[in-house]
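Residue numbers (our numbering), protein chains in the order written: chain S, 1 to 72; chain Y, 73 to 273.
The hints are simulated quantities; they were obtained by calculation from the structure and are not laboratory data. The beta-carbon is built from N, C-alpha and C at its ideal position, and this holds for glycine as well. Hints are not guaranteed to be accurate.
[Unchecked claim] Derived, one-sided and incomplete: chain S residues facing chain Y with beta-carbon distance under 7 Å:
| no. | residue |
| --- | --- |
| 1 | R5 |
| 2 | L9 |
| 3 | V50 |
| 4 | S51 |
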Amino acid sequence: MNRPRVGILYHESFSRRSYLTVGRRLADFPAALDDLLRDDRFRLYRCPEVSDSLILQVHTPDLIPEVEADPL
Amino acid sequence: MEAAQKICLGEVDRAFAFIGAGGHHAGRNFFGGYCCFNDVAIAVDHLRKSYGTHRFAILDTDAHHGDGTRDIFQGDPDVLHVCICGMNYVSPDGTKVDVPVPWGGRDPDESYLKIAEAAFASRVRAFRPDLTIWYFGFDGHQGDYGDMGLSLRAFVGLADFMVAAAREASGGRLLTVLGGGSRTDLATLIIPQVIHRLANG
């Protein structure tokens, strides 16, 4: 298989509840990428979870529990 | 972060990162605007520490100001952050820039593209980043919550512009991160076409 030009990072949870304004804006994905993924210039990868330790390199420690407590 | 890593490792030339929640309104110690953690900043920090990738240029075309990203990178001369929004600002060192876009007009797509290109093209060329990042929101589309009168044409045009800008400034390395936009029909229409354009050039 050729090396892809474009990597697409996606996780199925994004389609269940993505961007909290509406909730399911990505409901049609990943199926909406089917045509693209028939082209070997594109490859879909499953997005891994980011650890708290990486988040804490950028954000203050109190932010994680504040986000977890947010009702949205 | 994984998307940026794949570019740095040479597994792909460009990447498109879907998201679960927004990132650019999350600052060092605050969050809001439907953003939780700053995905772009976490990726930048990780790449610096793990891969020695140091200079980053970000174009933010979400309809709203990327205040969280600005908070985190304020005072960092190795991050160029150009935000196309409702504000007008240039930092003393020229690396933090806000550019206003008037709503509407005869051809909102063309106006927006001209403003974005004028704000970013020469700056990113001079800055010579290791990685170019496009924070791409489609909330400025007609009928979405950041309505700027834009249509699909503007987003496809931005994708073409970003591919060309990254080719010239950062060896083609371009990370596109999804930002705002709420409508399912627009996401399904716009996102695949934007990704398709990322393979060109």
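Hint check:
Annotation: R5 of chain S was flagged as interfacial toward chain Y, and the flag holds, the nearest CB pair being 5 Å apart, inside 7 Å. Taking 7 Å as the C-beta cut-off, the interface hint given for L9 of chain S holds, the closest approach to chain Y being about 4 Å. Against a cut-off of 7 Å between C-beta atoms, the interface hint on V50 of chain S holds, since the closest Cβ of chain Y lies about 6 Å away. Taking 7 Å as the C-beta cut-off, the interface hint given for S51 of chain S is violated, the closest approach to chain Y being about 10 Å.
Figure legend: structure checked against the earlier numbered hints; the only hint not met is number 4.
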